[in-house]
Amino acid sequence: MTTDDVVLTKFPTGTGKDRPKPRRTPATWVRRGGLTALLFGLPALLIFGIFSWWPIVSAVVMSFQKTNLTDPAVWVGLDNFKEIFSDPLLPTVIRNTAWFALLALIFGYPVPLIGAVLMSELRRRKGFYSALAYLPVVVPPVVAVLLWKFFYDPRPEGVFNTVLGWVGLGPYSWLNDPHMAMPSLVLEATWAAAGGTVIIYLAALTAVPAELYDAAEVDGASVLRKVWHVTMPALRSILLITLILQIIGTAQVFLEPFLFTNGGPNHATLTVMLWVYQLAFTSIGNRYGEATALSLLLAVFLAVLSLVYFRLTRSWSTS
Amino acid sequence: MKSPRRYTVLAATAVAAALALTACSSNGKGSGDATSSAPAGDQKVTITVAGLLPTADDAAKKQLADRVASFQAKYPNITVKPEDYNWLASTFTAQLAGGTLPNVFEIPLTDGKTLIENHQLADIDKYVKALPYGDQFNEKLIANGTGDDGHIYAVPAKSIYAVALHYNRNLFKDAGLDPDKPPTTWDEVRADAKQIHDKTGKAGYATMALDNSGGWQLAAGANSRGGVIEKFDGTKYTATLDDPAVKEHLQWLHDLKWEDKSLLDRTDLGWGEINTEFAAGNLAMYTSGSDVYNALVQANGVTKDWGYGLTAIPTSNGGGALTGGTMAAVTKDSTDAQKDAAVKWIDWWYLAKLQDKDQAIADAKGLAEQNPPQAVGTPVLPIFSKENYQQSQEWIKDYINVPLDDMKGYTDVMFTQNLVPEASASVQDLYAQLFPVVQAVISDKNADIDKLLKDANAAGQSAIDSAK
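Taken in order, these protein sequences are the chains called A and B. Residue numbering for the first sequence is 15 to 333, as defined by my numbering. Residue numbering for the second sequence is 23 to 490, as defined by my numbering.
Note that these hints are calculated values from the structure, not bench results. Where hints are given, some of them may not hold.
Claimed, not checked - Interface residues of chain B toward chain A, partial, derived using beta-carbon atoms under 7 angstroms:
1) A119
2) N140
3) Q461
Please read all numbers here as calculations on a predicted model, not as lab measurements. Positions of the beta carbon are idealized from the N, C-alpha and C atoms, including for glycine.
Isolated chain B, as found in the complex:
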């Protein structure tokens, strides 16, 4: 180790080693064996599609396999290969950049516009418009998948939700509370959470705090209190992460944690983790999308007699329930034949059951007759229209197996409650700024909420500005 040349080699090696560890993979090519640019027709084509959550049970897998088999029977030239799929902010962009997404993949409603502007989604306009209901989508929803050129790049597919309050009826009973009278204000939620904690020793309330889901739920809390995390004046988007309603909700969480001791002591709960804790009976109440019962059944073994309850998120000061949902999109590098096949699959797997009675019944029957049965009839907001939604629910009424009586707190108001759309610009970046604030407030008794929100807002605005 004496000659200068060896130092040079050493330096180069160190740079090489460090960079090799940080180097990104190059953009890959999607799967599929179609090579021409012609629509599928009778040509053999293979597509990969987003399937179930990685934790899905055997019954859900069988139901998907059955639907794939019937799809391939109808379109013998198309081979469908489902892949486990769970949209996570921490992995989605890596999959997108690495070219490892399936041909048909799912994205949050609000990410559509950004991905279209970045030219990261395939144009599926002509295939969607060729569907018999191609022009009947709820306009506000399909706008999220439509580019400035008027073309459709993604379609609302499932889980169009309003954030709601999920609760464990058994813990309510154990604490001497009436599970048929769930709380309707945040003060009541706090009081019930404290009573549950004091009487049962279980956490009365929990909040997501991991990754962007923590920011998402803080935004939902702020929306319910009449605040927003972003404003648009017609020309410019402004981050408002320091909105008084955001602070009010954080202070409420702080008081649950440090005064009442009724908040679950976890800063590492994301969407999936909080479902697991809830299903394990470790917490009494939390907020998430109104459709989360499907996942609780599919991945966490919750059954109709488990004691699940659903009610509307409490609102005040003209606030409302944050809405969102899932869109289906197609990878940019798909061939025309794959795009054609992909939209046929989107129709088959997500949408036809809302338009066609036979499809609706086949889908519901398939889910209900699994062992254990999968959820049928979980309340969601309509992809097309209220009438269409109610009609589809009527078609499958014999197979509905979710505890609708225990969801009345939500279903009674789902079409009348005030709904708040998610922020439009850089929403994931705004959530990314908010979740550390949630973590700070529930892990540090002396957290300076004002300063945290001021800093988060500056960073959020910077993210909005740099995305332009």
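Okay, chain A solo, but in the shape it has when bound:
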């Protein structure tokens, strides 16, 4: 309960007994704009219900069924969950997803922050560099992946292998090497997504009062100390939000492993979401139930993770 709530609840006391309570009838509800509000909200509720909640409810129901979407579904209780937990691929996909998330965190998380801080220091052509940073975001993901596949050509004449060859490195197999495949995916994903986060950080940086930097400068602070003592505290809440969004996003990574390697080589890039897709759609054996069960498990895991995260970071947040 907030302070505002306390004030509001205290206000009527002392006089409430003497004042007749207004009768809440449908007529008063309509007169006070209830119907209008409902009518305004109805389309959004309907669309949200049909296109968002109904598929969610269907998915939850399907996770307890065996179905091929043609014959009547059969209720199988927790069998789909048991199948998932007993599948020898489960540890592999969890490990791969965690590995992707960790690599993305180590390499992908600081990159936009550093980019935004550097750009905010620029005095000229800030817009140009912002646009440059954002450019990968407007490239359609499929096109970006095709482009990077070209870069990752394992032959010595491939783009990256040619460049590295100039300094005596390679050639490398990139996507065809089980150890290099996942870092290769993270590299492209970082390139593709960093621009959006840079813009968010840049927007947040404009809210940092210039006087703080001026004061730090007067105190003789170096650029790094200004970043550490002024910029970082000012961005704290944004950083916390982008961190959890990144963790949720990377835990659901699908596009890169699907388009680059389809989970290969030898399951080295098979992530949870790609496995969900493969269970549902690449087997005529109709494993839709298991696919939705796995989706549900991932959703619950992410929800719990979010709760724990916000509880742990509550004291760090400025909100």
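Given chain A, put chain B in place with the hints provided.
Structure of chain B alone, referenced to chain A:
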């Protein structure tokens, strides 16, 4: 972010967001404007049909458009709308579940039984049997499209192939090899691949490893060495992915990659990708269906003088060539009028040219006179009978434009070589277990083949058991 209620909202939102991303679309309705359940007759009806590969060139598109126009002239009440079509294990089931397949679509021969058991194909029995040749199909082939009720749900339509060895004659010449004497054993393939790699710098051999096509070609390699990936004792199917022949072929691939360095360093080649690499001259030999020359012409610009060569897959230990093919089927939600129109189209587009001289000539002429010409006369196995196949080839002999002289290594034995049918139960699941093993062997020098095959076999057996 302080009240417990907000945590609840947050949790619900997170669950909603995650699930919304993973939610499946509901089963859709097929296209078509026929509303009654009566056969087409004179009633106006529209059907969508599987057309060409998405990468097909303009000449192939024009040939299809011409055939559609002549079909619609013959049946003015039927409107045919072709759609690009490329059967892929990774997308087919999604299209099937999402209801986005065209009314007439194509499936691998071996998927027929499973789809029929799942009630996912329309019963087209009476329309097929009404065709003048409805009872003349090769019995072994039509069995794949026949349900336990004896009804026909899908018909063998095209590309009935045996897996064969495709090679680049120019790379053979460049390496000092005689392209008229292609290899006949796997040892010779390895030796030639090494010589080609050492002399030209190009990969001597490549294998599909992406998706189920990687498993399909490993199975073909194992079959050629006398092994199988599944056994049936009359009551029960048993996965045999750890068959010694499977291991032998994997070890052979391993040695090409890590000892000879003659294998193309790619674990991401599927059916289409390997065709592209071959057409680009980046590899000398690979195995695929005997009819793949059609696709090389249609989608990759290969011409008669390109230097294409075809020979039989090497065999040992009583092994044979893995066979397969394509069936045409009709979506379950098609109306009777659409089913009637669909079978008329199947007859027109796929089958009549094998039965009717005028149709055969019209089809061959249409293909040969495109610019660039499409392949006519690529060797395939007969849908009806050997005599029928030879007769149809005789009808179109003036239009045959494929390099038959460079395909003699295959055509000389195509009716006498030992043929091995694909596995019957959960074959796509077995292929799905095998392709990661292929990827492991050609991407990791120290891959433990025995363990990989043991694990794959356990998972394959599980897939067979759970499909029952």
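Going through the hints against the structure:
1. A119: Result: holds, 5 angstroms to nearest chain A Cβ.
2. N140: 5 angstroms, holds
3. Q461: Holds, because the Cβ-Cβ distance from Q461 (chain B) to chain A comes to roughly 4 angstroms (cut-off 7 angstroms).
Every hint, counting from the list given before, is met by this structure.
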